[in-house]
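To convert, count from 1 in the sequence shown and add 369; that's the working numbering.
Everything labelled a hint here was simulated from the structure, so no lab data went into it. Keep in mind the model is a prediction, meaning the values are calculated, not measured. Don't take every hint at face value.
Cβ-Cβ distance ranges computed for the label pairs, FRET-style [claimed, not checked]:
1. 462 x 408: 15 to 21 Å
2. 596 x 684: 28 to 34 Å
3. 462 x 661: 47 to 53 Å
4. 498 x 442: 25 to 31 Å
5. 687 x 604: 29 to 35 Å
6. 488 x 644: 46 to 52 Å
Glycine residues also receive a C-beta, built at the ideal position from the N, C-alpha and C atoms.
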Amino acid sequence: MVTMTVSHKRKDALKDVWDAVSSGWGSVTSGGVWSNAETEQEFEARLQRWENSGLAHEEAKRLGQKPPRAPRGWHKRQYPEIKRGDKAKYGVIGWARAVEVTRGANGWHVHIHAVLVLEGRQQAHERAYALGRSMHVRWNKGIAKRGFTSSKEHGLRVDVSEGAERQLAEYLAKAGEPEKAVRNSVEKAGKALAREATLGQHKIAKRGGRTPFQILADLHLGQAEDWAVWTEWLRDSKGRRQLTWSAELRELAGLLDEEADEEIAAEEFGSEDYTILVLPIESWRELRKHSDRVAHVLNLAEQNHHTLVQWLERERIAFADYPLKR
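All chains, please: the whole structure from these sequences, using the hints.
Okay, here's the thing in structure tokens:
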């Protein structure tokens, strides 16, 4: 799991910090440094061009002519290496990325938790930390485009989960611990990492910071600044995805694409099967003036259609039967 942050100040707007984080992540997971993978044939052709250029340089010098520039590394005989982006170099199968937001004494703290799945066990820790260093370089370039920086100490952190292999080795060494205990131990470790990466909205912020929903819970205290902060969150978090998956990892996990998920949600919660009556917009606006009445309508809708109709008629709230009568 890779955690990436930006340095921020209290006066920085949530939109600006979030835009910087998005720019940083875009720089990390796009471009040739991330995804390029040169084929053997392409490498052989490039190597041949490199050698031909070097030989032409030497031949011109031998003939006393002005030589063309020697290719990089020629004089030290540093042969080119095959070009591989970070995905191929470090064996990245895919990633899941979550954006976590808190508000503290230094303002909005927007950071990324990204779980990267690497292929194979060989030198897993070394590859993970090398990948993290490479990602940090591009992260800094991306956030710099938005006028932000990240500290060397806190800008990037890498945590490596060894997975089930270590747990199974401990189990075999003990020779007698029930298989169920090992399985539970592995599942617990995996769930802990998953919660850290993806459930930011349910956490309790540390070191004096608060999550947006902690701020919401504190609104009853009547602090004017809290109202302003909560309003800023509502405005500037709208439309931003806090949890995203790479296409490769979604496919590996057997997940549908993003559009399909949304279509399913629309079918399950917006279909005719779930519609019992229709409220005109004027009626809905009237109900929304009193949140307890909205909750009451929803409760009645879940209990009994006839009871809901009676209540709406008694309260003189206009509605239409479904299917709509023409």
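Tested hints:
1. Remark: the range hint 15 to 21 Å for residue 462 to residue 408 is upheld by a beta-carbon distance near 20 Å.
2. Range check, residue 596 to residue 684: about 31 Å between beta-carbon atoms, so the 28 to 34 Å window is met.
3. At roughly 49 Å, the beta carbons of residue 462 and residue 661 sit within the given window of 47 to 53 Å.
4. Here the CB-CB span from residue 498 to residue 442 is close to 27 Å, well matched to the stated 25 to 31 Å.
5. Between residue 687 and residue 604 the Cβ separation comes to about 32 Å, which falls inside the hinted range of 29 to 35 Å.
6. Separation of residue 488 from residue 644 is about 47 Å and conforms to the stated range, judged on CB atoms against 46 to 52 Å.
Hint violations for this structure: none, all hints satisfied.
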